[in-house]
Amino acid sequence: MATNPMHQFEVYRMGPEISIGGINLSFTNASFFMLVSSLLILLMLFLGTKKKLLVPTKMQLMAEMSYTFIAKMINDTAGSKAKPFFPFIFTLFMFVLFCNMVGMFPYSFTVTSHIIVTFILASIVFLGVTIIGFIKHGIKYLELFVPKGVPVVLLPLIVVIEIISYLSRPVSLSVRLFANMMAGHTMLKVFGGFVISLGLLGGWLPLGFSVALTGLEILVAFLQAYVFAILTCIYLNDALNLHH
Amino acid sequence: MKDLKEITTRLEIAKKNIKKNLNKNKGTNAASLGNALKISTELVAAVVVGSLFGFILDSWFDTKPLITIFFFFVGVAAGIKNVISSAKKMNRNTEK
Numbered sequence: 725m726a727t728n729p730m731h732q733f734e735v736y737r738m739g740p741e742i743s744i745g746g747i748n749l750s751f752t753n754a755s756f757f758m759l760v761s762s763l764l765i766l767l768m769l770f771l772g773t774k775k776k777l778l779v780p781t782k783m784q785l786m787a788e789m790s791y792t793f794i795a796k797m798i799n800d801t802a803g804s805k806a807k808p809f810f811p812f813i814f815t816l817f818m819f820v821l822f823c824n825m826v827g828m829f830p831y832s833f834t835v836t837s838h839i840i841v842t843f844i845l846a847s848i849v850f851l852g853v854t855i856i857g858f859i860k861h862g863i864k865y866l867e868l869f870v871p872k873g874v875p876v877v878l879l880p881l882i883v884v885i886e887i888i889s890y891l892s893r894p895v896s897l898s899v900r901l902f903a904n905m906m907a908g909h910t911m912l913k914v915f916g917g918f919v920i921s922l923g924l925l926g927g928w929l930p931l932g933f934s935v936a937l938t939g940l941e942i943l944v945a946f947l948q949a950y951v952f953a954i955l956t957c958i959y960l961n962d963a964l965n966l967h968h
Numbered sequence: 131m132k133d134l135k136e137i138t139t140r141l142e143i144a145k146k147n148i149k150k151n152l153n154k155n156k157g158t159n160a161a162s163l164g165n166a167l168k169i170s171t172e173l174v175a176a177v178v179v180g181s182l183f184g185f186i187l188d189s190w191f192d193t194k195p196l197i198t199i200f201f202f203f204v205g206v207a208a209g210i211k212n213v214i215s216s217a218k219k220m221n222r223n224t225e226k
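As given, the protein sequences belong to chains A and B, one line each in that order.
For what it's worth, this note's numbering labels the leading residue of the first sequence as 725, then goes sequentially.
For what it's worth, this note's numbering labels the leading residue of the second sequence as 131, then goes sequentially.
Source of the hints: derived by calculation from the structure; they are not laboratory data.
As the structure is a computational prediction, the values presented were derived from the model and not from experiment.
No residue lacks a Cβ here, since even glycine has one placed at the ideal position from N, Cα and C.
Heads up, some of the hints might be wrong.
Unchecked claim - Here are the simulated DSBU-like pairs of lysine-lysine, each with C-alpha atoms no more than 35 Å apart in a straight line: (1) B:Lys-168 to A:Lys-805; (2) A:Lys-805 to B:Lys-149; (3) A:Lys-807 to B:Lys-150; (4) B:Lys-150 to A:Lys-776; (5) B:Lys-146 to B:Lys-135; (6) A:Lys-872 to B:Lys-135.
Claimed, not checked - Negatives, chain B to chain A, calculated, CB over 12 Å: (7) Lys-132; (8) Asp-133; (9) Ile-137; (10) Glu-142; (11) Ala-144; (12) Glu-172; (13) Ser-189; (14) Trp-190; (15) Thr-193; (16) Gly-205; (17) Lys-211; (18) Lys-219; (19) Asn-221.
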């Protein structure tokens, strides 16, 4: 059991089986760790904003830094028009970041290493951005698929290419996060297995690799949350300011 | 009046220093690593979506491999287009 590197991704039921309308809605370890991540975010932001000191405490500094980080990112990539979407992007970033970080604890479960979770997140972004684009520009939003200065003969092919490239957005967004998290955690587990099988004599080398990879994984966990949020901003920018 | 002039020159020097530091920091932070990770999946995703699209159309019209093959190449084109456009975006950001 412990030597199987894929065992850590298993989803199992916690508590009673709940089935509504033939759909299995039981509380699983995935739901548990999502809940843990959300509660940790709430706790951090609650403690950080409780006492609003002029000279911030460490907690307050963390809350304020995450705010300015996202606010600056939105301003840089999507402009001031995207300000109303700050709560959504902030929530998305914090959720992905905390899910990734909670997964770094031993014996925990990485929610974002399941493609269904990341795909749903990416689909929400994709559908939301498309709806916003149509609300802002109406039918003119379809101009996104017709680049300027293309000869009429080539237009049918170009439009198909543009549509496929547009549809590939949620796939690339979700696969990137899922693949990075899953690959990283599998690699950690494989090196961990090497430590056990090589024993006291040869196990030190893979142990060192494990330590180094843990550091790398923490970087990747942050980076992927950042990439997820910044791409949401870029897509939002495309929808708000219609130009190529 | 002399004091005011001195302050202006000192302000200008300070501003220049800030600008210099900003330029130095650009491109070395985590954002560039994020960009590198971004581009590779963009190419793959478009190919996958294109082929899947073709496969679904194929099952509708019962023309098994034909449309899948066509849309595979359309997917490749879309992937390359994705990579080019995001590379252009990166260029624009670093030039700014």
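A quick look at each hint next to the structure:
1. B:Lys-168 to A:Lys-805: holds, 25 Å
2. A:Lys-805 to B:Lys-149: The hint holds at about 26 Å.
3. A:Lys-807 to B:Lys-150: Holds, at roughly 29 Å.
4. B:Lys-150 to A:Lys-776: holds, 34 Å
5. B:Lys-146 to B:Lys-135: holds, 17 Å
6. A:Lys-872 to B:Lys-135: violated, 51 Å
7. Lys-132: It holds; B:Lys-132 is separated from chain A by about 36 Å at its closest Cβ, greater than 12 Å.
8. Asp-133: holds, 31 Å
9. Ile-137: holds, 27 Å
10. Glu-142: holds, 25 Å
11. Ala-144: holds, 21 Å
12. Glu-172: The claim is violated: B:Glu-172 sits with its nearest Cβ about 5 Å from chain A, within 12 Å.
13. Ser-189: With a cut-off of 12 Å, B:Ser-189 remains clear of chain A, as the shortest Cβ separation is near 18 Å.
14. Trp-190: holds, 16 Å
15. Thr-193: holds, 17 Å
16. Gly-205: violated, 6 Å
17. Lys-211: It is violated; B:Lys-211 is separated from chain A by about 5 Å at its closest Cβ, not greater than 12 Å.
18. Lys-219: Its Cβ does come within 12 Å of chain A, the nearest being 7 Å, so this is violated.
19. Asn-221: The claim stands: B:Asn-221 keeps its Cβ more than 12 Å from every Cβ of chain A (closest is about 14 Å).
Violated hints, in rising order: 6, 12, 16, 17 and 18; the structure is consistent with all others.
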